[in-house]
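Could you build the full structure based on these sequences and the hints that come with them?
2 protein chains.
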Amino acid sequence: MIGVFDSGVGGLTVVKEIFRQLPDYPVVYFGDTARTPYGNKSKETIIRYATEDTDFLLSHGAQVIIIGCNTASAEAAEELEEKYSSTPILEVISPAVKKAVSVTKNKKVGVIGTRGTINSGVYERKIKELDPSIKVFSVACPLFVPLVEENWTDRPETKMIARRYLQGLKTKGIDTLILGCTHYPLLKEVISSKIGARVALVDSASEVVKELQEKLGNFDLKTGKAGKFFVSDLTPHIQNIAQKLLGGKVELEETKD
Amino acid sequence: MIGVFDSGVGGLTVVKEIFRQLPDYPVVYFGDTARTPYGNKSKETIIRYATEDTDFLLSHGAQVIIIGCNTASAEAAEELEEKYSSTPILEVISPAVKKAVSVTKNKKVGVIGTRGTINSGVYERKIKELDPSIKVFSVACPLFVPLVEENWTDRPETKMIARRYLQGLKTKGIDTLILGCTHYPLLKEVISSKIGARVALVDSASEVVKELQEKLGNFDLKTGKAGKFFVSDLTPHIQNIAQKLLGGKVELEETKD
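Line by line, the protein sequences are chains Z and Y.
Position 133 of the first sequence, counted from 1, bears residue number 134 in our numbering, the numbering being contiguous throughout.
Position 58 of the second sequence, counted from 1, bears residue number 59 in our numbering, the numbering being contiguous throughout.
Hints in this document: simulated from the structure, not taken from any laboratory.
A few of these clues could be false.
Since the list gives no way to pick out one identical chain from another, each pair is judged satisfied if it fits inside one copy or across any two copies.
Said to hold, decoys possible - The list that follows gives simulated cross-link-like pairs (lysine-lysine, DSSO-like), each with its CA atoms no further than 30 Å apart:
id, residue 1, residue 2
1, K223, K100
2, K136, K106
3, K44, K250
4, K189, K99
5, K44, K257
6, K229, K44
7, K136, K160
8, K223, K84
9, K129, K106
10, K173, K108
11, K160, K189
12, K17, K84
13, K160, K173
Shown next, in the form of structure tokens:
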């Protein structure tokens, strides 16, 4: 099975892409909604949580792990790869970086994400590894996750906040913008309208699944339609956002640590 | 020592009131920043966390516990009182209710808080216990906590969001509004400007400390100036908000579970 974890339900946008691009593979999902969000927390805490999340997925049959959370990808991917060296681990950052580097023409790339992701500097570092001539402009947008979780994806307040976050990037003249958080694809329209329709948006959820597809031959994955969706805390509100993020019906199951 | 816990740093507004109203008593604070916020989580999870938070404070010398978090007060106060029957436990809801009931003239009271607090219906229930003729109007304002934590306390975006949250309450003609979340005192000006200056704002942090002061004779509390401030996850950003909330310098110390 393909295992996906996230700090909450945002990683379901990755599952949505798996269902779209790889409909023959079963998925086991874990959303750490009892401790969500990870975005403002420290590296040490995020590594501890990501390790627990991975253990959970492995114990539920995962054969490959996708870190469906940019914050955990930024802060904990290396530690997970080291600890679980016999399990393929994919993070959402490198595929988005690869895509952005191939797409940009004017070599000016923007990155938006949570405070944790942006402060880690991981996007900038990985972009520069592939092409040191690219200029990277990063902005933390901490209110985007709560706005998506309120389902305020096209409210005037959200547009106003998006304009404030993005106006600095706009003046830099970027031609490519990485959506460095799995919640942000739900704000694509607002973001595009504020940053300008000519700026290409790179969606990390979509890119990591393309990468998985390319590497599928290397893994001996079971096929089948099943999906299992676990969260560490379940409320009716979480159930609602989950369906919004996945774009379809989903039955979440609560699991205690 | 007076023990205060909260899901994060919001409960520091309670400590600020202790410093103001009871400057001779030492405080031990625990903010569960590794699992913050509690506001959108389930009752069972909140009870589990509140119990762990209380155990931590007791092991650090607390003789009386203030639940400095409306969500935990709403969801876990009864369970804590039962479990720790030999320790006085104060929650932030009843004192604010008492105040609001004594203040309202037209018997129309508004309550704002997190989704957890509002869904619990605890304010409405407690108000009706004191005066069944009072009409209670409640609104969840889930974006207020992230806005305070971004330090966006007087931005136009915040005013716009406040207007949207409060416009329904305004049409009801309330004359009293309970700020049912320890973060909200930092939004007092915005809230007052949107709900109308004639509406009395009741601040749960301030009221719970008045209640403690009245009951002080019953407790044999140590005096002294010391304050100890623990959080389960520490970042520079949390350190900054903490100072903003406390209105003064504070050294946070990180503790792992």
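Checked hints:
1. K223 - K100: Within one copy only: 28 Å inside, 62 Å across.
2. K136 - K106: Within one copy only: 11 Å inside, 62 Å across.
3. K44 - K250: between (34 Å within a copy, 25 Å between copies)
4. K189 - K99: within (20 Å within a copy, 47 Å between copies)
5. K44 - K257: both (23 Å within a copy, 13 Å between copies)
6. K229 - K44: both (28 Å within a copy, 24 Å between copies)
7. K136 - K160: Cα proximity of K136 and K160: one copy only (26 Å, versus 35 Å across).
8. K223 - K84: Answer is within: at 24 Å inside a copy they meet the 30 Å cutoff, but 48 Å across does not.
9. K129 - K106: within (15 Å within a copy, 65 Å between copies)
10. K173 - K108: The answer is within: 11 Å in one copy meets 30 Å, while 55 Å across copies does not.
11. K160 - K189: Cα proximity of K160 and K189: in one copy and across copies (11 Å, 24 Å).
12. K17 - K84: Only inside one copy: K17 and K84 sit 28 Å apart there, 44 Å across copies, limit 30 Å.
13. K160 - K173: Cα proximity of K160 and K173: in one copy and across copies (20 Å, 29 Å).
In terms of the numbered hints stated before, the structure departs from none.
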